[in-house]
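Q: Now for the letters of each chain:
Number of protein chains: 2
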Amino acid sequence: MTKVLLFLNKGFETMEFSPFIDVCGWARNDYGVDINVTTAGFTSVVQSTFNVNIMVDKVINEINIDDFDALAIPGGFEEYGFYEEAYSEHFLNLIRKFHAANKLIVTICVGALPVGKSGILKGKNATTYNLKNSYRQTELMKFGVNVLNEPIVFDSNVITSYCPQTAVHVAFKMLGVLINTTTEQIVKHAMGY
Amino acid sequence: MTKVLLFLNKGFETMEFSPFIDVCGWARNDYGVDINVTTAGFTSVVQSTFNVNIMVDKVINEINIDDFDALAIPGGFEEYGFYEEAYSEHFLNLIRKFHAANKLIVTICVGALPVGKSGILKGKNATTYNLKNSYRQTELMKFGVNVLNEPIVFDSNVITSYCPQTAVHVAFKMLGVLINTTTEQIVKHAMGY
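These protein sequence lines map, in sequence, to chains A and B. Going by my numbering, the letters in the first sequence line up with residues 4 to 196, in that order. Going by my numbering, the letters in the second sequence line up with residues 4 to 196, in that order.
Treat each hint with caution, since some may be false.
What the hints assert, rightly or not - Derived DEER-like restraints, expressed as beta-carbon distance ranges:
#: 1; chain 1: A; residue 1: 104; chain 2: B; residue 2: 158; range: 51 to 59 Å
#: 2; chain 1: A; residue 1: 65; chain 2: B; residue 2: 103; range: 47 to 55 Å
#: 3; chain 1: B; residue 1: 67; chain 2: A; residue 2: 4; range: 41 to 49 Å
No lab work stands behind these hints, which were simulated from the structure alone. Predicted model only: the values in this text are computed from it and were never measured. Positions of the beta carbon are idealized from the N, C-alpha and C atoms, including for glycine.
Build the full structure now, drawing on both the sequences and the hints.
A: Here's what the structure looks like:
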């Protein structure tokens, strides 16, 4: 079975988490693809940006890296506390461990920033939220990242992307990388894309 | 304040709920739009299709129709029990009350089916999930609905739509109808659409 860890830091955006659940879910339910998503957070209930409370499957200390093939990180709003958890050493270490084990790491929007801060993107290509004078891209550059102004960037084992609009396309891409591109296209079509 | 009731029946799809949270949230947080989303369900914790547990703000008996300007209904999978709640008289009555009070009703995918079953779409134009031999559109027709094969249909006070892909576009349209189209365009752009 292919297993994805979907990590929800406080203040994550629901539109940047839901595509991982549904894309993998449609693949499994409608097409028999052996893929599963486990949600995780610092606490057993994680409050999203705009205050939706979601109960996760695992808290951070229960995560065994060996159980997973990929780590997916949605972005979130600073006003809702996203960086309090996303920039913590505890989370940065989790990213470093996934990287050291050569697992796939997938981010949406500012989900790229903790990956940048962890140090694993030094000298690598990546992207993040592009609008509002590219202030988040400027922040990503400070971590020694070669920021590309492209909606989705895939370098080494890391996929990064712009914003809510790119979220579902990143989830499809993840499915393509983890399973195969035929499955990616079939599920994409069934979901109306 | 403009208020949206986002009703999550058991087995709702997360990609069809999240756009309402985020589109209204971005509008409020980044552009000062006075709009709020209240989540509701039959139980205080609602399990989605593919098993994500979400804590909602209100249970069905606590809903006062007068408090809201719109009712939003995501679709869901039959295998995860969607129709057990969505087709119940309790929920159909809620739809009828929103309709009788001339509030906006907005659905994604098979969220249109309980609206059809409630009887308020008789002789009206609407749509629902279009693929897999249009079996859901055939079901909607049985409720006396004039089913159009278009991604988004807006007739009288009801917006219906195809699938996960149309969800965010319906949320933008709802914002345009409830607030104005300038705001709709600004938020759409900020979210990368």
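Q: All hints are to be evaluated individually against the structure, with a verdict given for each.
A: Do the hints match the structure? See the list:
Between residue 104/A and residue 158/B, the C-beta spacing of about 53 Å keeps the proposed range 51 to 59 Å intact. In this structure the hint that residue 65/A and residue 103/B lie 47 to 55 Å apart at CB holds, the actual value being about 49 Å. Between residue 67/B and residue 4/A the beta carbon distance is about 46 Å. The supplied range of 41 to 49 Å therefore holds.
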